[in-house]
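> What follows is the residue order along each chain.
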Amino acid sequence: MVQFSMHNAWLVPLLPALSFIIIAFITKQWKKTSAILSVGSMAISCFIASLAAYGVFSNYTLTEEPMVYSVKWFSMAGLNIDVGVQLDPVSAMMMFMVTLVSTLIFIYSIGYMEGDQGYSVFFSYLSLFGASMLLLIISSNLLQMFVAWELVGLCSYLLIGFYSHKVTAREAAKKAFITCRVADFGLLLGLISLQLIFGTLDIVELSGKISNFEQYTSMGIMTIIAILIFIGPIGKSGQFPLHVWLPDAMEGPTPVSALIHAATMVVAGVYLIARTIFLFAEVPPVMDMVAAIGGFTALFAASIAITQRDMKRILAYSTISQIGYMMLALGLGSLTASMFHLWTHAFFKALMFLGAGSVLYALHHKGDIWKMGGLLRKMPVTGYTFMVGCLAISGVPPFSGFWSKDEILLTAFDSGHYILFTMAALTSFMTAFYMWRLFFLAFTGQAQHEVQVKESPRTMTLPLVVLAFFAAIAGLIGTPWAPIWQNWIFSVHPHHPQANTMIMLGSVVLALAGMYLAYNLYYLDRSKAERMAEKYSFFWALSYNKFYVDELYLWFTHTIVDGGARLFYLFDIYIVDGIIVNGIGSLTKSFGSRLRLVQTGSLQSYALVFFLGVLAVAVIMALTDPSMALGLMGGVE
Amino acid sequence: MKSLPFLTIILLAPAICAIIMAFIPKEQVNPIKWLAATGTFISLAMSAYLYGVYDTAAGGLQFVERVPWIKDLGVSYFLAVDGISLPMLLLTNMIGFSAVFASWNLESRHREFFILLCLLISGVMGTFIAHDIFIFLLFYEVVVIPIYIMVIIWGSSKRVTKEYAGMKLTIYLLVGSAFLLVGIIALFVKSIPILGEPNMSFAALAQAGNQMSAFDQKWLFALMLIGFGSLISMWPFHSWSPDGYAGAPTAVSMIHAGVLKKIGGYGLIKIALFSLPLGAKFWAPYMAALGIAGVAYAAFAALAQKDLKYIVGYSSVSHMGYVMLAIGTVNVIGINGAVANMFAHGVMAALFFSAIGVIYEKTKTRWIPDLGGLARQMPLLAVSFMLAAFASLGLPGLIGFIPEFTIFIAGFKAFGGFAVIAIGGIVITALYALRAGANTLFGPPREEYNNLRDIRGAELVPLAVLGLVLIAGGLLPSLLFDMVNSGVEPLMNQLDNALKIGGLI
Amino acid sequence: MPTPSITLEHYLILGAVLFGIGLFGVLTKKNAIAVLISIELMLCAVNINLLAFNKYITPEAFIGQIFAIFVITVAAAEVGVGLAIIIAIYRNRLNINLEDFDWLKW
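Residue numbers (my numbering), protein chains in the order written: chain E, 1301 to 1937; chain U, 2 to 506; chain W, 1279 to 1384.
It cannot be assumed that every hint is accurate.
As the list claims (entries may be wrong) - Here are the simulated SDA-like pairs of lysine to any residue, each with C-alpha atoms no more than 25 Å apart in a straight line: (1) W/Lys-1307 to E/Leu-1496; (2) W/Lys-1383 to E/Gly-1901; (3) E/Lys-1678 to E/Arg-1613; (4) E/Lys-1372 to E/Asn-1308; (5) U/Lys-159 to E/Leu-1870; (6) U/Lys-282 to E/Leu-1496; (7) E/Lys-1889 to U/Lys-307; (8) W/Lys-1307 to E/Ala-1907; (9) U/Lys-307 to U/Val-176; (10) W/Lys-1308 to E/Ala-1907.
Claimed, not checked - Restraint ranges, calculated between C-beta atoms of paired labels, are given here: (11) E/Ala-1918 to W/Ala-1362: 30 to 36 Å; (12) U/Leu-74 to E/Gly-1864: 50 to 56 Å; (13) E/Lys-1666 to U/Thr-366: 35 to 41 Å; (14) U/Pro-6 to E/Ile-1884: 43 to 49 Å; (15) E/Ile-1880 to U/Leu-139: 29 to 35 Å; (16) W/Ile-1335 to E/Ile-1884: 53 to 59 Å; (17) E/Phe-1891 to W/Gln-1343: 46 to 52 Å; (18) E/Ile-1880 to U/Pro-6: 42 to 48 Å; (19) U/Ala-49 to E/Phe-1891: 47 to 53 Å; (20) E/Gly-1885 to W/Ile-1335: 54 to 60 Å.
No lab work stands behind these hints, which were simulated from the structure alone. C-beta atoms are modelled at their ideal positions from N, C-alpha and C, and glycine is treated no differently.
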C-alpha cells in the first residue's frame, strides 16, 4: 500500500482535477454531490499523500536524492521538457500538509458556503486549486512547476473574484493576478536563462549541474539568475515590495483565504526557493538578500497589522509577516527551520482564518474588530480554538509556533546576522501584540454588534477543532530534545542548532510582553489605545495607511502605465495611421486630382500631345540608334 | 493502392456547398446555414483525420496531389501538407467551422453571406496546402475579394466606418501583395536559368533561391518581408488590423485574425525563409527588432482601448510581434515557436472574437464603459471570454504558453537583453486582458441586460471546438509540437547547411 | 538638258508638306468639319507615300497599293462615323465648334 502510493503519487493531484472536471461538466446542478465529490477526492488524495509521506520518511529518502518518475511532455530539436513526480521529504511533507489542510477546509466550506448561488462552482474551483497546488508540489521540472505556479494564480484569481459582482472583489482579483504576473516575469526570465545555460529545467539534473556551475557560466550571471528567480516568490508569497495584493485578496470567501492565502499557495514561493536551494546556496549575496527581504517584510507587515481594523486583513498582514520569517530562515540557509515554520504556520493560520470565517458567518460578514466584542461566550468553540491559534502564533510553549519560531531565531542568532535577529525578535513581540489585540477586541469585552450571534454549524466547527489540535501539537516533532523533524527535512546536512535557553526564554518573554501590552490596552481599558493612537498619530496613520505603498502603485499604473498607453495609442492613430498611412493615401489622392487637370477635354490639345509624343519617340530613336530609326522610316538596306 | 485525394476534397467541400447554396431560394435560411455547416464540417473532420494519420516520424510532404497545369510556366496543381501547413489547415477548418456557427444569428442576406464565407474558407485553405507558388498567390487573391464584400455589407461602423475599414484592409493587403508579387516573380525568373526549366513549386524555388547570390537574396527577401509583413501586421505595417477587425463582421474577424493573418507568417517561413537563407540571415535582426517593437507598442496601445474589438485587434498585432521575433531568431526552436504561436493565437483570437461578437449581438455595444457584470447574466459567455483572455495572456495550461516560452527561449538566446522587452509584454498583456474581462463581465450586473439569454445551442460551438483545443493544446503541447517540429526541423537543417555554404561564398 | 524626272524625293516632300498642312489643320481648326477634312489630307499624304514607295522601291509587289486602298476604305468609314457624330452633336448643341466639345474633361 505504501509502495503503491509512493509509485503513484501522480494520483494525488489527478483526483482533485478529475473532480473539477466532473463538477464543472456534470454535477453542477446537484450541490451536495459536487461538495461530496470535491471533499471525497481530496480526502482520498490526503490518504495517498500520507502513505507516500510515510514511505518517504521511513525510507529516509534524502532531499538531494529524490525519487523521480517522469515522462516526456514535449520536445523539439534542442529543447526537451519532461514532466514528472518528485518525491523527497520536502515535497512529501508539503503534499501531506496541503492535502490535510485542504480536506479540512473543504469540509468547512460545506457549511460556510451554504445557500450560495455558486456552491458547485466554488467547489469546482477549490478542486482545481487543489490539483494545481499538488501539481506544483510534486513537480520534478521547473517549467512544470511554473505551469502549476500560474495555475494556482489562476485559481486564486477566480476565487478572490468569486463574488465577482462586487467591484472590490473584482479589483482585488485583478490586482492579485497582475502583481503576481509582474513577479512571474522575473521568474520566467530566470527559468529561460537556466534552460539556456544548463540546457535543462529538470530539478535533479539542474542541481547536479549547478554544483559546478563554473563550467557553464560566471558568478555574475548566476547571481542575476538567482535574483530573477527570487522575484517570483516575492510576488507569490507576498513579500515586500509586491505584498500589496495579499490583503486585498481577503475579498474572497474566507475558506479561500484560509486555504490559498494562508496555508498553501502563498507559501509556494518559499517552497520554490526550497526546491532550488542548491542554486541559491551557490550565490551567498542572494541568500543574504532573501534573508534581508524576509526579515524586513516580517517586521514591515507586522507594523501594519498592529493598527488594522478588519479581522481578515490583520490575518493577511500576519501571513505576510510569517512568510517573511520563512524567507529569513531560508536566506540564512536553514531549509529545516523554514519548512518547519511553514508546516506549523499552515495549521495555526488556517485555523485562525477559519475562526475568522466562523465569526464573519455569525456577524453577517461585518469584519471590523472594533464592532465585535464578547464573542467568546456566544461562540465558545470558535473562540477557544482561535485562542489556541493566537497562542501558537505568538510563540507560547508548548504550542507549535513556539518551536518553529525558536528554530528560526536560533538560526538567525547562530548565523551572526544580529540585525536580522533583532528584526525577527521585534517581529515576534509585535506579532504577539497584534494577535492578542485582535483576540481581546473581538472575543472579549462588551458586544458592539447588533445581530444575534450563535455558534456555527458542525461542519465548520469540526475542522476548527482538528486544526486546533494540530496547531497545538504540530511543533512537538521538532523540539530541541527530540529533533525528529530536523532529521527528516534538511538540505545537505541535518541541522541541529544547540538549544539556546537564553533565546528560548527571551522569545517567551517577548511573546508574553506583547500579550500583556495588548491585554493592557484592549482588555483593561480600550480608551487607552485610542489615546496612544492620537499621541503617535503620525506613526499610526503611516501604519494604518500601509505606508502608502498601494497609493504609490496606483499612481504608477494610472499615470505612467496608462499615460504611456494613451501616448502609444495617440501616436498610432495620429502618426502611424494619420500621417503615414492616411498620408500616403491622401498624397495619392491629391496627386491624382492635380493630374486629372491635364485632361482638358479639348480634342486638339490631345492630338498635339499625341503628335509631340510620336515626334519625341522618333527623335529619341534617331539619336540613340540611327539605323533603327532609318529602318523605321522605310530604309531597306 | 491509390488513396483518396483528401486535400482536394477538403479544399472543395466548402466551395461546392457554396455553389449549391446559390441554387437554394434565399428565404430558405436554415438549409443554407446547415449546408455551410456541413461543408465546413467535412473539411474539419477530414483535416483532423489527416492530422491524426500524418506520419510525423517520416515528415516531409504527405498526401501529395500533383497535376501539371501550365507547362510553359512550370505551374502545377500541387497540393500537399507538411508539419507546418497541416496545423494551419486544421486551424483554418476549426475556425471556419466555428465561424459558421458564430454567424448563426445573422440578420440579413444569409445566402450571400454564407456563400462568401464558404468561398473565403476554401481560399484560405488553398493558400496553406498549395505547394506551388502560382496556386498560392491565386488562392491568396481569391481570399481578398470576399473579405472586402463582407466587411462593407455586414460590417459595423464605430470609430471608422465599415466602408473605410473594408477599403483600408483591402488596399493594404493588395499593396502588400504587390510587393510580394514582384518579389516572387523576380525569384521565379531568376530561378529559371539555375534550374534549367521553369518550375513554380516551393521546393524548386527554394533549391534555386539557395544558390542565388547574397545580394539577390537580400533584396528579394526585403520585398517578401514587406509583402508578408503587412499581411501579418508587422509593426509598422499594422494599422489595418485594429480598424479592419473593428469594422468586420464577427466571422470575418475570426477568420482574418485567426488564420488569414497567419498566411503572412506562413509565407515568410515557408517561402521567404527557406528559399532565401542569406537574405533571411541579413534581415533577421530587423525582423526581430520590428517584432519586439510591435509586441510592446501594440500591447500598450491595447491598454488604452475602450472598444473590445480594438483591444483584440491590437492584441493580435502584439502576438504577431512574437512571431516576427521568433522568425528573426532563425533557429529551430524559434521557428517551431513561431508556427506554434500562430496556431495558438489563431485559436484564441477566434474564440475572443466570437465572444465579442455575441456580446455585440446581444447588447448592441462593444464600448467597455457601457458594459459590465455580464457574467451574472451570461455565465457561459463569460467562460469563453475569460478562456480566450487567459490564453492570450499566456497562462500555462492553455495553448498560448508553451509557444511563447519557446519563442522566449529562442529570442533570449539570439538577442539577449532585447528579448526581455518582448517577454515583458506578458505583464502588459495580462493588464489589458484582465481589465477588459473585469470591466465587461464582472462588477455589478446592469439592469438593462437582465433579459439577455446566455449562449446556447449553436452559439456554443465556437466555445466547444476552440475551447477544447485551447485546453488540450495547453496540457499536451506535444500534440502540436511533434507535428510542427517534424516540419520545421528538416527544413531548418537544410537552411543551416545553406547558410554554411553561403557563408563560404 | 534632260527632262527633270520626278524622283521619290519629290513625292516624299509633297507627302510631307501635305501631312504638315493636314496636321496644322487638325490642331488649329475650330470647325469640326474642317478638322475632318484635315484628317483626310493627312491620310492622302500617307497614301501618296505608300504609292511612291511602292513605285520606286518595290515595283514588283502591290503591297503599297493594297495598303492605300485599305486606307481609303477605312477613311471613308471613319468620315462616315465622324460626320454622324458631328451631326448628332450639332442637333444637340446647334454648334460644331470644337472648343466647346470638352465634356469628357477630367
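> Now look at each hint and say whether the structure bears it out.
Now the hints, each set against the structure:
1. W/Lys-1307 to E/Leu-1496: violated (85 Å)
2. W/Lys-1383 to E/Gly-1901: With a Cα-Cα distance of about 4 Å, the restraint between W/Lys-1383 and E/Gly-1901 holds, given a limit of 25 Å.
3. E/Lys-1678 to E/Arg-1613: Status holds; Cα separation ~23 Å.
4. E/Lys-1372 to E/Asn-1308: holds (17 Å)
5. U/Lys-159 to E/Leu-1870: holds (17 Å)
6. U/Lys-282 to E/Leu-1496: holds (22 Å)
7. E/Lys-1889 to U/Lys-307: Given that 25 Å is the threshold and the Cα spacing comes to 32 Å, the pair is violated.
8. W/Lys-1307 to E/Ala-1907: holds (12 Å)
9. U/Lys-307 to U/Val-176: violated (30 Å)
10. W/Lys-1308 to E/Ala-1907: holds (13 Å)
11. E/Ala-1918 to W/Ala-1362: 30 to 36 Å: About 34 Å separates the Cβ atoms of E/Ala-1918 and W/Ala-1362, which means 30 to 36 Å holds.
12. U/Leu-74 to E/Gly-1864: 50 to 56 Å: This hint holds: roughly 52 Å between Cβ atoms.
13. E/Lys-1666 to U/Thr-366: 35 to 41 Å: holds (37 Å)
14. U/Pro-6 to E/Ile-1884: 43 to 49 Å: 44 Å Cβ-Cβ, so the 43 to 49 Å window holds.
15. E/Ile-1880 to U/Leu-139: 29 to 35 Å: This hint holds: roughly 31 Å between Cβ atoms.
16. W/Ile-1335 to E/Ile-1884: 53 to 59 Å: holds (56 Å)
17. E/Phe-1891 to W/Gln-1343: 46 to 52 Å: With Cβ atoms ~50 Å apart, the hint holds.
18. E/Ile-1880 to U/Pro-6: 42 to 48 Å: Holds, since E/Ile-1880 and U/Pro-6 (Cβ atoms, about 46 Å apart) stay within the stated range.
19. U/Ala-49 to E/Phe-1891: 47 to 53 Å: Holds - the Cβ-Cβ distance for U/Ala-49 and E/Phe-1891, about 51 Å, lies within 47 to 53 Å.
20. E/Gly-1885 to W/Ile-1335: 54 to 60 Å: Holds, since E/Gly-1885 and W/Ile-1335 (Cβ atoms, about 57 Å apart) stay within the stated range.
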